Amino acid sequence: MQSPLVQFHNVSFSLPNVTILHDLDLTVEQGETLVLLGESGCGKTTTLKLVNRLLTPSTGEVQVEGKATTAWDPIELRRRIGYVIQEGGLFPHFTIARNVGLVPALSGWDRQRTSDRVRELLNLVGLDPDRFSERYPRELSGGQRQRVGVARALAADPPLLLLDEPFGALDPLTRASLQHEFAGLATRLKKSAILVTHDVREALILGQRIGLMHKGHLELLETPERFLSSDNPHARAYLDTLDVNGGAR
Amino acid sequence: MNFWHFLQLNWPELLLLIRQHVELVFIAILVAVVIGVPTGILLTRYRALRGPILGIANVMQTIPSLALFGFLIPISFMGVGTRTALVALVVYSLLPIIRNTVTGILGVEPSVREAAVAMGMTDGQVLRQVELPLAMGVIVTGIRVATVIAVGVTTIAAAVGAGGLGVYIFRGLRQYDNNLLLAGAVSAALLALAADFSLGLVERRFTSSAPQTGARWSIGRLLVLAIAVVLIFEGGFALWRSARDNSGKTSHITVGSKDFTESILLAEIVVQMLEARGIAVERRFELGGNLPHDALITGTLDLYPEYTGTSYAAILHHPPISDPRAVYTQVKQEYAEKFKVDVSQPLGFENTFAILVRGDDARKLNLKTISDAAAPAARWRAGFGQDFMSRADGYPGFSKTYGLKFAEVREMDLSLTYIALSSRQVDLIAGNSTEGRIATLDLFQLADDRRYFPPYEAVYLVRQDSLTRVPALSEVLSKLANAISTDEMRRLNYEIDGNKRDPKEVVKEWLAKRGL
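As they're listed, the protein sequences go chains A and B. No gaps in the numbering here: position 46 of the first sequence is 46 in my numbering, and each next residue is one more. No gaps in the numbering here: position 316 of the second sequence is 316 in my numbering, and each next residue is one more.
To be clear, the hints were calculated from the coordinates, so they are not data collected in a lab. Predicted model only: the values in this text are computed from it and were never measured. Hints may be right or wrong, so weigh each one.
[As the list claims (entries may be wrong)] In silico SDA-like cross-links for lysine to any residue, where the CA-CA straight-line distance does not exceed 25 Å:
#1 A:Lys49 to B:Gln129
#2 A:Lys49 to B:Thr329
#3 A:Lys215 to B:Glu114
#4 B:Lys368 to B:Phe444
#5 A:Lys49 to B:Thr122
#6 A:Lys49 to B:Pro110
#7 A:Lys67 to B:Pro110
#8 B:Lys364 to B:Gln345
With the sequences and hints as input, model every part of the structure.
As structure tokens, this is what we get:
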């Protein structure tokens, strides 16, 4: 498996009146966490949705495991890609166990195997299965829901995770601890991930590479170290916020 | 008779009507859900269909229920009875169900739907596992609204012979009987409240902020529960019925009647005479408008009482003539040719339109004939039933023949016109000549001096194949030839309308007295 996991070739995405992405080229390697950093409306979420074919490119091609997303069966493709959104996007009418076991159940795992996997994952994200399995999402705190969201994305052991501002709605302390845990988890499980955020601190902590997006263009794609020393004006503007606030936004 | 006493006497019939009512509503809602929910789902998938289909459902909702029944009746396979009522009820119930299904599904949070798609759910899985369960509260609200509306509209179903509590309401209006009105209206209101309350409970289960972890409701389980309740009710009722039924009867006859007392009486006479001869008879009474005719032609009915003039003018569309013999002969011949229906010997009385004024007016103004009324008519208000206003031998020709111009003409329910006249709401009405209240309310019948109204001799119309199938029918009908005089008919009508007695008892008494 030497080929890159995800490749964007000259990808543009347009709605009838507006072009959201311009001519994007991007590669995500096996085991890498790539962070897309940018303001609201810069096209980073669109980029994410092009990977699991919630959207398809207007021009160009997105390849996953060497095969164009349009050539994949969308259902099969999506079951191979974990997806985490803000607040977890949990189903309010499912118990925690049913939420986490969703993709295994859809993929036809038997009951015992699914329930073993659910327990394993809840332990992995630091939630006691005996206490949480039978609860409903609204009975959990924001941080706990976010952990469930991550567990659900990992359930079928997908090689790739997509995370759309997963920690955005949390209070700073919970966010910091979850970011830390996620970094450890991703490395330990050797998962590839694309994470979208507008928080430069989060980008620096979690990303092996950081892609800076602005108005539909990928302006910069660097490791955190080289990002810190970049003289790109938008990158500097982000880094200035760190200096002014002493690192705590 | 006070209300409690009335209930004690009539509870088996009231229970039967409630059961019919519940059945109609239940089946209609079931069908409406089976059609409406999938339609709603379709509309969430094909946006372009949404406007037109919701528009159509909206328009159907605004058709007055009586008008809708009217549209449906002429359609040949519908005719009179439960089927027509059900179609109308389903039409009324569709809009809230479709609309709430659309609203409910579109109201599911976009992030939840997106997560479902991104997890690799197929469209069907998103629908079944995410959208429908989350929309269920709103959908149940729609079903609840539809059910409450249906309980109300079902009262109109009595007008097309589908039964239900409307039977009491219509009968109560006709006989000016508050006990009947109360029993029908209060029961219908209680049914609506009960439906609203119980579906409200179901709705709460779906929308409560913290779902119970124990027994949870699914559509399937609800449906099973509802069906079980109806089946238990049905079963109990069937048992009760079979316990009272003396089975073993072979031939079977369905007797119909129009929706006024005299017609019911005449029908009941035949029913009891047939039953006395060991024949199983089904009553399909109180059918409005031309329903009895349509039902006779299609074979739903074997027999119903009619008036020769009505057949002649309203069914066969001949211009009115005044010779009773000519009318009878013409009707008998044409019915045999066109409908294979036999016309019995006349029963002995006529029920023609009676132009009525108050007795004191007649004495004061020295009125004897309709022509005498031409002068005072300019100051008078007239009250006419819908039937009289619209039929060929009714108001238009009547006012032209006599040169009558009223200060005001009010169209109202026929049974209410008598009370309206005696209480001076109106000054002249077109009633029935055999109406029992003519004497008791001191009303005066003006003579038809220009012989405008065709003769309305009472007869029975009976299908020829029924006569062959049940020979006893011919014997019963021949015994009734010339058996009832106008005075006797008035007295019988008054026993029911005036003394509020049960038609069955009145008929039983009369048959015994006459040795029939």
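We went through each hint and held it up to the structure:
1. At roughly 22 Å between alpha-carbon atoms, lysine 49 (chain A) and glutamine 129 (chain B) fall within 25 Å of each other, so this suggested pair holds.
2. Proximity of lysine 49 (chain A) to threonine 329 (chain B) is assessed by CA-CA distance (about 85 Å); at most 25 Å being required, the pair is judged violated.
3. Restraint check for lysine 215 (chain A) and glutamate 114 (chain B): the C-alpha separation of about 24 Å stays at or below 25 Å, so the hint holds.
4. Straight-line distance between C-alpha atoms of lysine 368 (chain B) and phenylalanine 444 (chain B) comes to about 9 Å, which keeps the hinted pair within the 25 Å bound.
5. Restraint check: the Cα-Cα separation between lysine 49 (chain A) and threonine 122 (chain B) comes to about 17 Å, which is no more than 25 Å; the hinted pair holds.
6. Under the criterion of a C-alpha separation no larger than 25 Å, the hint pairing lysine 49 (chain A) with proline 110 (chain B) is consistent with the structure, at around 14 Å.
7. At most 25 Å may separate the alpha-carbon atoms for a hinted pair to count; lysine 67 (chain A) and proline 110 (chain B) exceed this at roughly 29 Å.
8. At most 25 Å may separate the alpha-carbon atoms for a hinted pair to count; lysine 364 (chain B) and glutamine 345 (chain B) exceed this at roughly 41 Å.
Comparing the model with each earlier hint shows violations of hints 2, 7 and 8; every other hint is respected.
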